[in-house]
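Asker: Listed here are the chains, written in short residue letters.
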Amino acid sequence: MSFDVNENEVLKADKISFSFGDAARPLLDGLSLTLNRSEVLFLIGPSEMGKTTLLKLLTGLYRPSKGEIFLQGASLETLSKAEKKIALRKISMTFQRSGLFDSKTVAENLLFPLQELTHLNRKECDLLVQKVLNQVDLTGTELRYPFELSGGMQKRLGIARAIVLNPEIILYDDPTAGLDPMTSNHILELILNVQKEKRTATLIATSDLDLALRVSAQVSSKICFLYGGKIVQEGSGEELFQSKDPVIYQFFRGLLDGPLNPGGGQ
Amino acid sequence: MISLHNVSKSFGVRKVLDDMSITIREGECVFVLGKSGVGKSVLLKLIVGLLVPDHGTVNVGGKKVDPEDRNGLSFIRRSCGLVFQFPALLDSVTVFENVSFGLRTRDLSLPEADIEQIVKDKIKLVGLSEKILDRYPGVLSFGAQKRVSIARTLAVEPNFLLFDEPTTGMDPIATTGLNQLIQKLTSELKVTTVVVSHDIKSALKIASRIILLDEGKVVFDGTPPEFRISKVKLAQEFQMGSQYDH
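Protein chains in written order, with the numbering used here: chain A, 76 to 341; chain B, 98 to 343.
The set of hints was computed from the structure by calculation and includes no laboratory data. Here the structure is a predicted model, which means the values were calculated and not measured. Hints are supplied without guarantee of correctness; some may be wrong.
[What the hints assert, rightly or not] Reference listing, derived: stretches of chain A covered by chain B, where coverage requires no fewer than 3 residues with Cβ under 8 Å from a Cβ of chain B:
hint : segment
1    : 118 to 132
2    : 223 to 231
3    : 245 to 257
4    : 329 to 335
For glycine and all other residues, C-beta sits at the position ideal for the given N, C-alpha and C.
Just chain B, with the same shape it has in the complex (with noise of 0.2 Å):
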């Protein structure tokens, strides 16, 4: 379980959470939409520990996120895959050094032929030919990039994955394929994900929750045919604002 109990996070004198609750219960998938700089990403920082709330507790997997704690933080980290809005990869080597990085910086013994194993899974998890491996990132797509960093998360095995706006930029035969995977590790693996985004169409799709922020407070908390009736007026415009009848 993910909860933050009464979080505020001001930047100068821009308050951007201001007093905010928010629990996410072990298998759910829960889009956290809102419109540009509502503190999404803030939120997903908070949850990994690389921002320290101004009030309020934080608790990721029955432990506070406490930066003085570095062995509890250092447990939060292991058990948390955030993956960036952009792949965010290591230029300079392979894929399968990619992928394998975690591996080899988290656990200095593990064997060789275990780490392979491990990274062609992940690779064939998230839809992508072995025979990748040994190709450089600038020479792959950028829905491939995506995916190869997806499977450098999944590589150490998180308990939480964290997707920070995981489908922009992306056309829409990626972003359904995306939104596969996503529905697809959250219940083949059983993990609790939260998707941070803009793309209220891929939330009414696959998400068991949805949370809208609006001016630093929770003003939607409910499921994708809960958020279609709803009379919160940011929700109302979420829709409108990307609605097309053909």
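Okay, chain A solo, but in the shape it has when bound (with noise of 0.2 Å):
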């Protein structure tokens, strides 16, 4: 299936579904996002709604059940399994926990993609891994091992290996998860610098809704709402913070009175 290809999306999701095992209701069902190039846009939404599974769907470590997923205008469907994997080194991803190799020093957790992945030889990829160590200011920890990284710490790596590669597109699942507000906010100015820097496209889920409002007012981004297996409200953060949607209106203001449950659903 092909679409009319618009040169500045380079990330789709076109009316996609997925489910895990049985479920009598799918936890996204028909969602459509896009992501234009060098542009920053927030996702945001209660908890258990899909945020992650949503980036999983876009990274391609998950297959919708219906619809399709567009990289630079190929839907990930067609390509062969060689082209997809060449395909989806344009993207890179970073986890909510850090996700690093706790067996691997600073310095082996950026090789190890770099070796894996290019054809630069060992000089290079030392080269490669000093730029970028400085680049989120961890020169100088190579040597250590990520748990005796503070968790700020680990988070700047985890950006550092998600930047080594060069993508053209980052997703971040929740950056600032368990970190205090001034460590957040050096974390959300290093992923600034780096979408400004290289223009990268970037996608941001988010639990911290202050944080959000703050940050895509500073930089005149998007927020995307989800809930209910769909995006229900894309807009500034004071044009979701007008809304009359009775969910957005009480997830904006953390009432308890509403239709969403206080206890996270049973």
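Hints in hand, dock the two standalone chains.
Answerer: Put into structure tokens, the structure is as follows:
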């Protein structure tokens, strides 16, 4: 299946559905979302609504049961295995709990994707590792193991690993979860610096509503609200805050009364 | 009462707590705030005797936390209910078995009917339905799992409730719900609550007192209104870092 290629659209989910096992209702149900070139887009929504699942679908880690994912105009479904592997190198993803290799040092965590996925020689790899570590302010930690780093440093290492292959698109899964407000701001600053320098298309899924609102206002980016398997509204923070949708209204104000269950659903 | 008197704790060359003293009185809901890695979780582990201070003393409910005193430590651990950042439930058994686990291990002679009643009461207290008792943790949402872990802690009726980052990763509605639950437990059960957190908004809403740690020491100790107008730089940074004006 093909569609009219809009060169500005670098990553697109077109009416995708996805379920875990034989769940009665799909977690994602005909969801559409577009990430444009050099854009910063925030993805927010109540817990358990499929934010992480959506990121994993967009990076090809899961396959949608319906609909298609388009990467720079090409449907992932139509690509051969080899083509898909090459195409997906344009995307990097950072994980909520960093997803680092515990048994490898900081430098080895960065060398791994370079040695697996590029033809660079060791000297070139080492130079690149140094450059990226400097970019995320982790120079000097090369021989340390992830567990010897603070939470904020681990997040920075996760970002370093995401950018070491120079991707055109980066998806961040709750990059500030569990961090204090000041460290959260530093991480966001780093993400925005990477985006500015490389013009990377950036999708940030977050549970930190205040952060999404503040940063989206600062860089004039849009926020997508995921609920009930779909993106129910997309717009500026202010537009969403003024939304009359009862779910968005309840979520933005942290109210207990409304359609969403404060127990997080049972 | 919980008191830490001139407590120091280092890990290798890194001094996390430095001659720090804190007193938490009965019935208080105290939020301990601080940057990542400042030693907030270390504080909780010192209270329940999972860690031993290098210097200084820790007292809980009138007893000194002393790893050499097995009976004393057992008494302290019975009086403290620690709720972990991640729910830490047993995946292979039902919600009922998770909540009753502590009861069964602490009192082998407790009749099954009593166990059932306590579990039902605690599940209701944390705002969940009895319908989930025969489900497995894996099918519950993160928010519901967190509430089950609180019910498990409450089942053994602790005098002190200790929460480690209770709202991390929660959406705004689940956060409000959990904050209300913490308030309700503190007032209805007359327990003393200590919450270590980064969540300044929750602290300002529900804490009776806020303690701010920096570089191993207490740099602020006061009520939420006092925190709002504090001249302490870190207190101001915390408030600035989480602000968004609509």
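Asker: All the hints need checking, so say for each whether the structure fits it.
Answerer: To see whether the hints hold, each was checked on the structure:
1. 118 to 132: holds (count 4)
2. 223 to 231: holds (count 3)
3. 245 to 257: With 7 residues closer than 8 Å to chain B, the segment 245 to 257 of chain A meets the three-residue bar; holds.
4. 329 to 335: Answer holds; 5 residues pass the 8 Å Cβ test.
Violated hints: none; the structure is consistent with every hint.
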